[in-house]
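Enquirer: If you read the protein sequences in the order shown, they are chains Z and X.
So for the first sequence, this note's numbering puts the first residue at 130; every next one is plus one.
So for the second sequence, this note's numbering puts the first residue at 130; every next one is plus one.
What the hints contain is simulated information worked out from the structure, not anything from laboratory work.
Careful, some of the hints might be misleading.
A pair holds if it fits inside one copy or across any two, identical chains being indistinguishable in the list.
Unchecked claim - Straight line, CA to CA, 16 Å or less: simulated EDC-like cross-link-like pairs of lysine to aspartate or glutamate:
id, residue 1, residue 2
1, K211, E250
2, K229, E327
3, K144, E170
4, K331, D191
Protein chains: 2
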Amino acid sequence: MSHSYSDQDKAAIYKVIAERRDMRHFLPAPIAPEILQRLLEAAHHAPSVGLMQPWRFIRVSDSNVRKAIHAQVEEERVNTAKAIGEYENTARMAAFMKLKVEGILDCGELLVATLCDHREEHIFGRRTIPEMDLASVSCAIQNIWLAARAEGVGMGWVSFFDPPKLANLLNMPEGAKPIAILCLGYVNSFYKSPMLVEEGWKTEKPLSEMLMENTWQDKGK
Amino acid sequence: MSHSYSDQDKAAIYKVIAERRDMRHFLPAPIAPEILQRLLEAAHHAPSVGLMQPWRFIRVSDSNVRKAIHAQVEEERVNTAKAIGEYENTARMAAFMKLKVEGILDCGELLVATLCDHREEHIFGRRTIPEMDLASVSCAIQNIWLAARAEGVGMGWVSFFDPPKLANLLNMPEGAKPIAILCLGYVNSFYKSPMLVEEGWKTEKPLSEMLMENTWQDKGK
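With these hints in hand, go ahead and build the complete structure from the sequences.
Expert: So this is what it looks like as structure tokens:
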């Protein structure tokens, strides 16, 4: 059809979708301001429920703030390990503790992505599903992820933190909520497969297990 | 840096990010199965918290199911209009009722995207933010949106529905939750700006109002 892209352009788009990775290993090189600006503009092109544009980004340039964020993440990493130990077993807890789950102190740029305050004023598309604002910000973050990969920049989305505690550190107003710590940086190499697969933590399930027709069908967990 | 894409490939990726639109107007042309498959594979390349892969897609090929979904959306559209009337005013309610918010009966393919069941078993990255599974599925949906735009296919994400009611219609098990009705189809033209801007419902705020440094700063709502 006439609105489709050239085969070469389509190939580039499918390629970046397939090659994007959640990165935890970074080189200490800085990211040029104009590249960071392009990535944030890509985020701002995201769809949003009722044109709410609920995304806010806090760029962390102060190394003390970066260290304080890292300390919060480290605390939650330990709490998660304990929870995995209780829910699964101690071997699994030990395996988790060996995983690298973030590159906060190494990455070139650190962003905190948050939901805005005053969200209750937005009813359009959120009356029965208020968490649609998180969906919109997630689409914005995916845009950054893809654009970053094309720029040769890796990104990791860290969710090991306690939102009220991080909100307090960043002086966020009531109603606003941090949902992602985004590590951005150049990398030695992009993982060929998701790092959790490469590290033997988990295997991927195929797409066929995710698809159903007209009604729910159990296809194994 | 060496991992970056060619300028032409980068341009294609930024172009599709900028040209993607939330579509409500569709042509009745079918979508070829191999294109739908590519779009679903794009979704399946999404990042997911702890490699949880929480996305499930129900393809609606039965026209009776499609009509039943449409009826649920129409009911919620009216409920939303009333809520807007109460929260804002009756003029705004009337303006909302004039907006086209979905193309469920016209689009070539209809998908329901859901969160899987048994989500409580996944602790990795979700101990303090359980809604991270929604974030992952949203990234998968954004992948479909971008790939579809490259294929010349429009997509609309409809969130006007009551999740328990739609779950019941689709025989979903406890714990699973529908989060999107996705309308996919060829279009006469893609909106130049978001439809809610073109229709005068709302104006967009600039990126500069979304950016802060090291701490929250009030930049107007």
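Enquirer: Hints first: check each against the structure and report whether it holds.
Expert: Hints versus structure:
1. K211 x E250: between (39 Å within a copy, 14 Å between copies)
2. K229 x E327: So K229 and E327 pass the 16 Å test inside one copy only (12 Å; across, 46 Å).
3. K144 x E170: Classified as between: cross-chain Cα gap 12 Å, same-chain 21 Å, threshold 16 Å.
4. K331 x D191: neither (36 Å within a copy, 36 Å between copies)
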